[in-house]
Every structure is written in structure tokens, then in C-alpha cells.
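Join the two chains, each given in its own frame, into one complex according to the hints.
Which chain is which? The protein sequence lines are C and B, in order. Start counting the first sequence at 248; every next residue gets the next number (our numbering). Start counting the second sequence at 12; every next residue gets the next number (our numbering).
Hints were generated in silico from the structure; no laboratory data involved. Be aware that one or more of the hints could be misleading.
Claimed, not checked - Derived contacts from chain C toward chain B, CB cut-off under 7 Å, selection only: (1) 416; (2) 418; (3) 422; (4) 423; (5) 427; (6) 432; (7) 434; (8) 435; (9) 458; (10) 459; (11) 461; (12) 748; (13) 750; (14) 753.
Cβ atoms here follow ideal geometry from the backbone N, Cα and C, with glycine treated the same way.
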Amino acid sequence: MLRLSLLNAGVVGLSLLVLSSGAAGAAEYSLSVDRVKIDTGDFTRTGIGYNGNTPGPVLRFKEGEDVTINVTNNLDESTSIHWHGLILPYQQDGVPGISYDGIDPGETFTYRFPIVQSGTYWFHSHTGFQEPDGAYGSIIIEPKKREPFRYDREYVVQLTDAHPHSGSRIMRNLKRSADYYNRKQETILDFIAEAKEKGLGATIDDRMMWGDMRMMPRDIEDVQGFTPLINGKSSSQNWTGIFKPGERVRLRFINSSAMTYFDIRIPGLKMTVVQADGNNVQPITVDEFRIGVAETYDVIVKADEDKAYAVFAESMGRTASVRATLAPTEGMVAEEPDLREVPRLTMADMGMDHGNMAGMDHGKMSGMDHGNMAGADQSKMAGMDHSNMAGADQSKMAGMDHSNMAGADQSKMAGMDHSNMAGADQSKMAGMDHSKMAGMDHSNMAGEAKKDDAFYASGSGLVPSAADGGKFLSYSDLKAQKPLYEDREATREIELRLTGNMERYIWSINGVKYEDADPIVLQYGERVRFKFVNETMMTHPMHLHGMWSILDNGNGKWDPIKHTVSVAPGTTVYTETEVDAPGQWAFHCHLSYHAGGGMFRKVIVEGGPKSTSAKPSSVEG
Amino acid sequence: MKNQISRFLILCSVGAMVPSTVIAAEEQLIWGVQVEQFENRFTGDAQSDVMAWDGDALIGTDELKFVVRSEGEFQTRSERLETMETQLRLQKPISTFFDAVAGVRFDTPDGRDRVHGVVGLHGLAPQWFEVDADLFVSDRPSARFEVEYEALITNYLILTPSIELDVPLRDNLDAEVKAWGPKMEVGARLSYDLVDRSVAPYVGVHYERVFGDTLDLRQEEGEEGDGLFFVAGLRLMF
Chain C
248 MLRLSLLNAG VVGLSLLVLS SGAAGAAEYS LSVDRVKIDT GDFTRTGIGY NGNTPGPVLR
308 FKEGEDVTIN VTNNLDESTS IHWHGLILPY QQDGVPGISY DGIDPGETFT YRFPIVQSGT
368 YWFHSHTGFQ EPDGAYGSII IEPKKREPFR YDREYVVQLT DAHPHSGSRI MRNLKRSADY
428 YNRKQETILD FIAEAKEKGL GATIDDRMMW GDMRMMPRDI EDVQGFTPLI NGKSSSQNWT
488 GIFKPGERVR LRFINSSAMT YFDIRIPGLK MTVVQADGNN VQPITVDEFR IGVAETYDVI
548 VKADEDKAYA VFAESMGRTA SVRATLAPTE GMVAEEPDLR EVPRLTMADM GMDHGNMAGM
608 DHGKMSGMDH GNMAGADQSK MAGMDHSNMA GADQSKMAGM DHSNMAGADQ SKMAGMDHSN
668 MAGADQSKMA GMDHSKMAGM DHSNMAGEAK KDDAFYASGS GLVPSAADGG KFLSYSDLKA
728 QKPLYEDREA TREIELRLTG NMERYIWSIN GVKYEDADPI VLQYGERVRF KFVNETMMTH
788 PMHLHGMWSI LDNGNGKWDP IKHTVSVAPG TTVYTETEVD APGQWAFHCH LSYHAGGGMF
848 RKVIVEGGPK STSAKPSSVE G
Chain B
12 MKNQISRFLI LCSVGAMVPS TVIAAEEQLI WGVQVEQFEN RFTGDAQSDV MAWDGDALIG
72 TDELKFVVRS EGEFQTRSER LETMETQLRL QKPISTFFDA VAGVRFDTPD GRDRVHGVVG
132 LHGLAPQWFE VDADLFVSDR PSARFEVEYE ALITNYLILT PSIELDVPLR DNLDAEVKAW
192 GPKMEVGARL SYDLVDRSVA PYVGVHYERV FGDTLDLRQE EGEEGDGLFF VAGLRLMF
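Pulled out of the complex, with its shape left as it was, chain B reads as follows (with noise of 0.2 Å):
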């Protein structure tokens, strides 16, 4: 581990942008940025529109990266941020397909309690499905599974359904949530990849859903249970 982290090290240092001066069979830096959702989420009302994005950029090696996982919902009207959480995200492969991340989340606005500790899987399932496993450890934890699927239309027109279910374990009247209330999110985004994987627009729908006890609560506040959101955007990589 030591001699591996020292090698990530090393590597990080040389910088991503310096050409590679080493043989064919030395290691090479893996970097990049990779945007999943980068878009405007539309209601039949204007005052309630959202732009999200959802994506993160690494550096590292075979054995350890490092990566900074951003999203976030931006209310376009009143042009407030809503929710943004930016995790800093240590990855290490355990298994052949699974990645082990360990790392740190702060929670914007800033207020009580916006930083948790990290801990969970990345990976690709059997049949082909990218799963993200995370427990965020703090004083009001939750837990998060994240499902994504590619389904090749063609070789560039792509239907990309998705579901993300987050679990409170605790009350977390800031987050308007409460213990054992989930949240979910399940979309649906039709891409078409218009130059390599770089660049792909795509439109969807994007439905999310509050259960239980945080159903109630923003129920009580006057506020609606769920959201149908139509979407477009643009998934990057780079």
C-alpha cells in the first residue's frame, strides 16, 4: 500500500500534462473528467425549473485514484442554489469489477453538520449494470445506491436509465428529511454520442420522490412528495 501510494504520488506530481517520457510499459497517469448529467430540469412551470449536474474528475493509477464527485441543483428562476455536495473520494479496486472508496463530503450551503465521512463501493455489476454504494458517516448519516444502465440502441444512440435511492438514518430538519424517509430519483436519458465520447446531448425524464416520514414532513410545509421533471442536457467526458 505504502509503495503503491508513493507511486500515485510520484505519478501525480509528473502532472497529468506532461507527455510520457517512460517505455511503453511504464505506467501512465489515468486522468479525466466525466460529466454523467449536465442539465435543465423542466417542469410546466417556469419558477421551478432546475439545472443539475452530476459528475466527477480523477486522477490516479490502476491501484489508487483520487476523485472529486460534484452535483448539484441550481434553481434557475430565483438563482439559488438548492443542494450542491462536493466529495473527495479515494478509490481502490478489491475485487476484479468493485472499487472500495473511502473519503469526505461537504454539503453546500454551509451550515450544521454538512460534512460526512465517506465510505462505500464503485462498480460494475454482472449484466452490465455501474453501481455506487455509499454510506456517509456524521452526526446525521444516511445511505445512498446509485444504479445506472446503458442500453445501446445503436453504438451512439444511447438510453441511459437510472435510480438513486437515499436513505436518511437519522431526522435532518436542515435537509428536510427524515430517519428512514428515502428519496428517489429514477431517470431515464436517450443520448446520442456526436463527437467520440466527449460529447453527447441527450433528453429525458427525470422523476424523483420522497417516502415515509420525510413525505409527511414536507407535506406539513405545504410542499409536494414528488417531481416530474422533462431534462436536457449534455453528458461530457473528457
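Pulled out of the complex, with its shape left as it was, chain C reads as follows (with noise of 0.2 Å):
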């Protein structure tokens, strides 16, 4: 039943060569590391790519085997290749200054380890910024027991979000001018516009608080301008997989861009989400679904119709789109939906939505200052929703006339003063404790009219919704298929709040960035309770290498594990890691230009069996 296809078949599916596949449990691939030609039919430049190709093949491991995979660097620079959520030695996981050295230009190295897991993974260059240039392929692992589900055939389809410029220009540009690719930004037409539809001082008034931040609501994707591609081609190449009707189709999801998340509709398909991270799920059918940078999501969908389907994948700043298409036959070609509107971040993505103040900790808000807001004109204030504020320290915004407050547009919250908040200094805007939101019931919220997603702000603007009104997955809605680990309290937890200076286009974690940084220490045994606070207003995939992230979305032994959390603005998400694999390991956002901008750490793991304990470790500085 289970037939094989390689993405695009042919070249690059004869192109991995396996040496041997000789003694059961044990295979031999080799990959080399090219410069290769990018054509999006946009644009076209040179890239990296692997055996000729960006992306590279599909490696098909199988659970139980030993692999041993020959790395031939044929660039001119240093390269490396990480096995994107595979559980591994330490010393094979592929990132350069903490597992090795990485692989000189001519040298061949050798990566040799076993296979403990199955599903859809991937693999990318570590160094640099080679994987935006194109430096990354696909894993496929097949379990050794039956799947709890069936399908017909499979498609990997991999989002990449191609640049025409280098990485490396791409962040010298950033660093230089932070808006440099930001295209999106509020214009002087815009403001004529919104000042005919809300008036001219609420809008001068928006205006002026977004400046007094020195921030753009519009700023969701940092770096536009790339052409988003599914398995390396565009719209207008439109990659086709094959299908019978009336077929299962097992589509694995691999989100390889630099810096894009999309969403993924195939209209007309209800998609079953069957595997998040290479993990299986407990089975959860959406119309919709949200795929953060790095993560991967298997679905299942049934085309019943003797027809063309789009897998339509919007970037979520709506800068941009791809269409492929699933087909009886080639050469069909499916209606590419229209983009739909750019989406406007507010005050809940600063951390800031006073509708969430009940699960907001107040203590650590003293870097707001409500003292100017007594003078402020409340009427404009419309939009923020403090029937939820109950419980909450209200004694010091004594004064204020919320009488005025009806409605739920958050852009009109000017004449508060956010100068205190501008830039670097948030450490003290800690975002919303979702812990403590289980039980609120947000629906009064004015202009709210579906359920919110705990993992997002409430009132954020980046709030998705399926775009033919039917179910969007959540986080909330994944739930491990059987828990890989025992449920057990943490021995203790460690904060990471996500922090950065937006103009200087500095990422840092606790507000210092990697190169000044001492590591993450963790002892073997433990079970650590990661607290990520946004503090910033981007969106960040923090990915933890060699130990898999239990995300805490309040299923209990139920909550799903993952390699790739995505922690949205204004929002507290927590992780659990079983401290399982000894060694040193990265740990970062894995939005390329933010893991470049210092949004990384070091962890290092203490104890554990001694043959592939760490060596003693230097702390950089």
C-alpha cells in the first residue's frame, strides 16, 4: 500500500546515493554540499544546496538502523549539517563550536548514529547563514511498529521562503536599517485612509504611539521580499502530487524558511493532523493550520473529487503566497487563492492588552507608566476589555474613567505614555502568564467572536482564523498519542524571557546575547520547566537540540512533544525537557536572522553515561 516518492522525483531521488544498504540495521548515504543554482521563476541566483540540489533529498532512515552518512564539503567555506529534532550523540548533532569543529572546505566527515525515533524531520547547514541560502533537505523515518493511522501515498512538501539576496546581505542590511525589507509599513495613504474611517486624532494618536515606541504594527515578517516555495518551486512552478480519487494522501509539512511561518489550507480538503514534530498526535481534523519556522506537521487528507486541489501556503505577515497543487493527473493546475489582508499588531502583542490584565502580573509592570494615563483621553481607549480584569491590582489605575471604553479596536489606544517601554528596556513588561488564564472566560470579550487561542495574546493581531471560517488548529488541540515520558513534576524551572532591541535589530534571551553569554547548565536526571517570556513583538520557534520539549498546553500526561515551540508576542509559554541526553547542545530561535543577532544559548547537560558526557566546557566570552 505504502508507496514511496521522492521529492522531485528523478533527479533528486537518484541523486542520494545509498552505498549500501547491506546488513539489516545498518545504511550508508552520502551527501555533498554544493553550490547550486536558485530559480524561483522570480528570480534567480546561486545558492547552497545538497547533491546538486536545493532542497537536497529525502533521507529515508528506518527506526532501529544505524546510519552512517558521508558529508563531502565541496564549498569554499566551512560547512555543517544539523539533523533538525533528531535524538542523537551529541557529537553528531551538527552544530559547529558546540558538537564539532564543522566540515572544512574538501573534507568528507563522517556522521555515524542510530535511529531512535520516526517521522518527518529535517536537515540544514548550522553554519552561517548557508540555510537560508538553501542549505537544507528532508528526513523520513519509518517506525518499526504500524502507524496508528493509513494512507495510500505521501508527499513531503517542504516550505522554503527563497531571498534574492545572500543571508549574509540580508543580515548586514538588517543590522544597518531594521525596517530595510519591511515593504508593509503604514503609509501617509494609509493614514488619509484610517483617518476617514476613525478620525484624524485617533489616528494621529496611534500614529504618534507606535512612534513613541519607535515601533510598526505592521512589522510581522522581517524580512519580506523572498518567494515562498513548496519542495523548491513557486507558484508559477507549481509542484503537483499525484493522486487517485477517493486516496489517503499523507502530506508531511516541513516548515524550512529563514524567517516565515505560514498558513496552510487545501480548500475544499479537511486536513488530519496526524504527527506534529515527528511525533504522533492524537488525530485532530482542521480546515487550517499555522506552521512555525522549523516545526513539521503531518496531515491526512481524503480527495474524494476527480479534480485539482491547491495546498495553498500564505506567509503570516500576507506578504506573500505559493500554491502547489494535488492532482489526478500532471499538468493540472489549481486556483491559487487571493492573499487576504495584512494583519496589524497591537497593544496585546506588546504585552500589553489590558483585557489579560487578570493574568497579568502586575508586579513586574512598574516599566509602564500609568501615571500619564490619567490625563489621557479615555474615550479613545475604546477596544480594551477590563471586564476580565477582576482579581487584579486596579488600586493604581485609580482615576481613570473606563466609561468610554465600549468597543474592540486596540489601535485606538493612544495617549497612554509607552515612552518607559520603547526598545531593550521591556525586561520588565513580562507578557501574560498563561498559566493563569486556564478557567477565564473570554467570551465577553467585545469583538471576540470565536474562542481564544491561549497561545496568543488576547486581542493580539495575529490571532488566526481559518480563512473559510471553519477550525484553525491551536496548540491547544495537540495531544501526544502516547506519551513518550512518565508525567512527572519539574525539579525546577528556568526563565528564558525573549527579549531584543528591534532597531539595532539585537536578539538576545534575558537580555543578553549569545556572544556574551554563559551556557545553559543542566543536570542529567532532572526535568527542567523552561518559562519563555516574549517580550518582544515578533514571533520566535525556540528549538532545543538533543532533548525533545514537552509543551505544557494543559493536556497534562497528554501534552504533546516537541522539538520546535513557538512562543507568539505578549505570551508565556512553558516547556518541560526529561534532561535525558548528556553533552553540550544549541538552543535557539530558529528564525536565521535572530539566531544570528544572538537570540541562541549553549546548554550544557552534567552527569549522565560517561562515554558521551561533555567535555569539560570553556565558557565563551
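Structure, rendered in C-alpha cells:
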């Protein structure tokens, strides 16, 4: 029943040279790292690929086997390959400076590790900005046991955001001008249109508020101007997966983008999510889902009609999209839906939605100058729903007249002095604590027709909704099919505030960038609870190497395990990790230019089996 | 600080053109050239047309940047360099949005007292005003304050008003200025981003005026106290 379908069948498939599949449980693969030509239909440039192509090949492993992978560096610079999401000895993890020294030009490095898991994963360079330049491929691991779902055929659907500029040029431009690639900024024409609609005063106040913070409400995608690709093909190049009407098709979605989140739907088809980040989840049927950078989702669709279906991926910032086609025969082209409207960040995304003040720790809000709110024109604060403020300390907010605060438009929250919020010193703006929000009734929030997604700040401009009004997958929906770890109390909590200076394009954790930070030291055998507090207005997909992140999404023992956990602006997300992998590991935001900008940590696991434990580590500085 | 300087020097010595061979998290050298103004200034009278520029080249890290800034005016008809100043500046962040600046300024053509120390501030003020405030320290000190704003008509068509105020703190007859007699330059340039943000042609107006004792001095010498120019030029960033 199960048919293998290699990505870009033919060239890529054949170029993956399986040298020997000899003795059961051992397989050898060869990969070359090459300069390749990227042609998106919009632009051509040289980039980096594997075995002559980008994306590189689909590597097919079997759970339980030992793999040997010979990686030959044909570049004139150092390279590396990281096996994203794979559980393996740290020396095989492929992060230069942490796992090993990298692979010099002309050298062949041989990776050897056992395959101890199954599912959909991917691999990419962890050197410089080679990954945004095209250095990625996909991994499928066949499970030992039968999977708890059935399908007739399968395809890898690898999403990427090919950019005409090289990664290092993009970083250089962002460092000099953080809005270099933002072509969705609000203009004078937008201002005029908005002033007509909402009134001149309100519009001026709104612009003044954002201008005071020196931040942009339309700053959702730092890097625009890319061409989204599915399996290396743009909309015009139309990657096509063939099916027979009535078949169940498994789509292995991988987001290998440098910077771009995608919202994915297949108009006319329901998608049943069966795996997240390679791990089985209790099947959930949705109309649309958002895939963060570096995440994977496996979905099964049942295409009954004899027609072309669009696999449509729209960037979260709505600046670009790509359509691939599922069709009964080659050459059919499904219609590409239009891009939806560009979202606009709200004060909620700044961690400042007062509707959620019940869950906010006011002790940490001292950085917000509420003193100046007294004289503000409160009539423009429409949209702040204070109905949920019960329990919050309102004593400091005395004197505010909330009588005029009907409505739901957060964009009019002008008049508050946010000057103290600017930039780096957001340390006091600790976001919302979702753990405390359980049981909060959001149903009476004006303007919020649907139930809130706990993984977005309430009133956030980023909350997704399905294009057809149906079900949009939430992290809360993910329940492990069969928990890998026993549920137990964490032994300790580590707070990681996700911080940054947008304007200087410096990204950090707890206000310290990688170059200046001490490693995070964990003890083998402990269960650590990580508290991610996003104090920036960007969304960060946090990736811990080597060990699973158990996402606390309120499902208790059914909390899913992931390798990459997305933390939306103004939110707090908890994960727990059973520290079961000795050695030293990388831990970072998977947006290439955020990782490069310093939102990155080395994690050292002390203790554990001697043979694999880390060498005495030196503290960087 | 010592650490930062050594990191800066190491990065600089690695060189800007060498591809990054370090892991993604390691620091990349920041470098580039930005020419805010490169233009012809036209009056009605071709005799007094000038070519003017104002730009800088930078190299460094988040913590410390070395900037070479050059601005000047060139009389196209008489092929005479009217003014030119070159600054070597070190920039170090002191707050979220502002850098402290220290450096030297050399004025050309040569002559007396053409070297000044520079201390200043460079950064982004609330409401997106880009600000430079510099004190030039020498026997003939002066202070300069520049503000620029980019108003987006569309995301590609950009109107950039700017104002620069130069205040001599002592008489400097070589430069034809008297103490506390400021010179003001006001401009508005309408640019279009033709190639990314690398090449943006523009047209605009540029107005200069001197005040106070400096105005009297110029008038005594039969010069005008102000001048209005139409400008056409290129904004460059690479």
C-alpha cells in the first residue's frame, strides 16, 4: 500500500546515493554540499544545496538502524549539517563550536548515529547563513511498528522562503536598517484612509503611540521580498502531487524557511493532523493550520473528487504565498486563492492588553507608566476590555474613566505614555502568564467572536482564523498519541525572557546575546521547566537540540512533545524537558537572523553516562 | 570595553568580504556605505550650481562602530572645492536608540584650525526622527544639530525633510562665520526606491540661510545671506 514518493522524483531521488544497505540495521548515505542555482521563476541566484539541488534529497531512515552519512564539502567555506529533531549523541548533532568543529572545504565528515525515533524531520546547515541560502533537505523515518493511521501515498511538502539576497547580506542590511525589508509599513496614504474611517485625532494618536515606541504595527515579517516555495517550486512552477480520487494522501509538511511562518490550507479538503514535529498526536481534523519555522506537521487528506486541489501556504504577514497542486494527473493547476489582508499588531502583542490583566503579574509592570494615563483622553481607548480584570490590582489605576471604553479596536489606545517601554528595557513588561489564564472566560470579550487561542495574547493582531470560517489548529489541540515520558513534577524552572532591540536588530535571551552569555547548565536526570516570556513583538520558534520539549498546553499527561515551540508576542509559554541527553547542545530561536542576532544559548548537560558526556566546557566570552 | 574593542579589531581583521565561517549565532561584521545626499544643486544661475554630497561608510559590531563621514560642496563651473569635511567617528551605544560619538573632523581645503575633536550623539528620537547632535571642539568650536525624517507616501516613494543647524561658538573668519551667527540648511527630497534600498533617485529643494553676525559679515562682503536650490540626485546604500 505504501508507495514511496521522493521529492522532485528523478533528479533528487537518484542523486541520493545509497552506497550500501547491506546488513539489516545499517545504511550508508552520501551527501555533497554544493553551490547550486536557485530559480524561483521570480529570480535566479546561486545558493547552497545538497547533491546538486536545493532542497536536498529526502533521506529515508528506518527506526532502529544505524546510519552512516558521508558529507563532502564542495564549498570554498566551512559547512555543517544539523539533523533537526533527531535524538542522537551530541557529537553528531552538527553545530560548529558546540558539537564539533564543522566540515572544512574539501573535507568529508562521516556522521554515525542510531535512529531511535520515527516521523518527519529535516536537516540543514548550521553554519553562517547557509541555511537561508538553500542548505536544507528532508528526513523521513519509517517506524518499527505500524502507525496508528492509514494512508495510500505520501508526499513531503517542504516550505521555504527563497530570497534574492544572500543570508549574510540580509543580516548586514537588517543590522544597518531594521526596516530594510519591510515594505508593508504604514504610509501617508494609509494614514489618510484611516483618518477618514476612524477620525483624524484617533489616527494621529495611534501613529504617535507607535512612533513613541519607535516600533511598527506592521512589523510581522522582518524579511520580506522572498518567494515562498513548496519543494523548491514557486506558484508559477507549481509542484504537483498525484493522487487517485478516493485515496488517502499523507502530506509531510516541513517549514524550512529562514524567517517565515505559513498558514496552510487545502480549499475543499479537511486535513487530519496525525503528527507534530515527528511525533504522533491524537488525530485532529482542521481546515487550516499555522506552521512555525522549523516545525513539521503530518496531515492526511482524503481527496475524493477527480479535480485539482490547491495546497496553499500564505505567509503569516500576508506578504507572499505559494500554491502547489494535488491532482489526479500531471499538468493540472489548482486555482490560487488571494492573499488575505496584512495583519496589524496590537497593544496585546506588546504584552499590554489590559483585557488580560487578570493573568498579568502587575508586580513586573512597573516599567509601564500608568501615571500619565490619567490625563489621557480615555474615550479613545475603545477596545480595552476590562471585564476580565477581576483579581488584578486596580488600585494603581485609580482615576481612569473607563466609561467610554466600549468596542474592540485596540488601535485607538493612544494617549498612554509608552515611552518607558521602548526597546531593550522591556524587561519589566513580562508578558502574560498563560498558566494563570486557565478558566478565564473570554467569551464576553467584545469583538472576539470566537474562542481565544491561549497561545496568542488576547486581542493579538496575529490570532489566525480559517479562511473558510472553519477550524484552525491551535497548539492546545495537540495531544500526544502515546506519551513518551511519564508525567512528573519538574525539578526546577528556568525563565527565559525572549528579548531584543528591534531597531539595532540585536536579539537576546534575558537581555544577553549569545556572545556575552554563559551556557545554561542542566543536570542529567532532572526535569526542567522552561518558562518562555516573549517580551518582543516578534514570534519566536524556540528550538532545543538533542532533547524533547514537552509543550505544556494544558493536556496534562497528553502534553505533546516537540522540537520547536513557537512563542507568540506578549505570551508566556511553558515547556518541560526530561534531561536525558548528556553533552552540549544548541538552544535558539530558529529564525535565522534572530539566531544570528544573538537569541541563542549553549546548553550543557552535566552528568549522565560517561561515554557520551561533554568535555569540560569553557565558558565563552 | 577592552573586550569589545578586541572583538571589534578581530572582526575587522577577518575582513568584510570573507564569507562567514562561524556558526549562525556568532557575530557578523557590520559594514556598508550609505550616501544620503549625492546631488546637483541648481539655482537660476548656472555660475553658482554646486555638486554636494553627504555620506558615510561604517564598519564594526553592535558594540562599537567606526564611521567615516564625508560631506562637501563642489562648484561645478569653477571646479572649485567650496567646502569639504571628513570625520572619523567611533560610535558606541549608550541607550536603546542612541549612540555616543567621539572622533575627529578634518576640514578641507587646508588652512588654520582645520582639525576639530568631535563629541556627539547619533540616534533615533521618538516619532522616528533621526538625530545627530555634534560638538566640534577646537580653537574655533561649533555645534551642529541635524534632524531627518522619512515620510512614506508609499512604501517606495519617500519624502525626506531635513534640517541642519550649525552654530559657531567663536568667530571663524576663514569659514566666514561669526560667533553665535548660525547657518541653517533646510531640505525636502522626494525619492523613489528603484533598486531595493540601494539606489533611490530624488528631486527636491534645499534652502540655506545664515543669521546674526554671520549674516552681517556676509552682507558686508557683498554676499547673499540665503540661497534656494533645486536639487536632483541619488541616495545610495550598499
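Structure-based check of all given hints:
Interface restraint check: residue 416/C against chain B, minimum CB-CB distance 10 Å, threshold 7 Å, status violated. For residue 418/C, the shortest C-beta to C-beta distance to chain B is roughly 6 Å, which falls under 7 Å, so the interface hint holds. Hint status for residue 422/C: holds, given a least beta-carbon distance of 5 Å to chain B, under 7 Å. Look at residue 423/C: its Cβ gets to within about 5 Å of chain B, closer than 7 Å, so that hint holds up.
The closest approach between the C-beta of residue 427/C and any C-beta of chain B is roughly 6 Å, which is under the 7 Å cut-off, so the hint is satisfied. Checking residue 432/C against chain B: minimum C-beta separation of about 6 Å stays under 7 Å; hint holds. Taking 7 Å as the C-beta contact cut-off toward chain B, the hint placing residue 434/C at the interface holds, the least distance being around 4 Å. A cut of 7 Å between beta carbons decides the hint on residue 435/C: the least distance to chain B is about 5 Å, and the hint holds.
At about 4 Å, the closest approach between the beta carbon of residue 458/C and any beta carbon in chain B falls short of 7 Å, and the interface hint on this residue holds. Taken as an interface hint, residue 459/C checks out: its beta carbon lies about 5 Å from the nearest beta carbon of chain B, inside 7 Å. The criterion of a C-beta within 7 Å of any C-beta in chain B is met by residue 461/C, whose closest approach is roughly 6 Å, and the hint holds. Given hint, residue 748/C at the interface with chain B, holds; its Cβ is 6 Å from that chain's nearest Cβ, closer than 7 Å.
Given hint, residue 750/C at the interface with chain B, holds; its Cβ is 6 Å from that chain's nearest Cβ, closer than 7 Å. This hint holds: residue 753/C has a C-beta 5 Å from the nearest C-beta of chain B, less than the 7 Å allowed.
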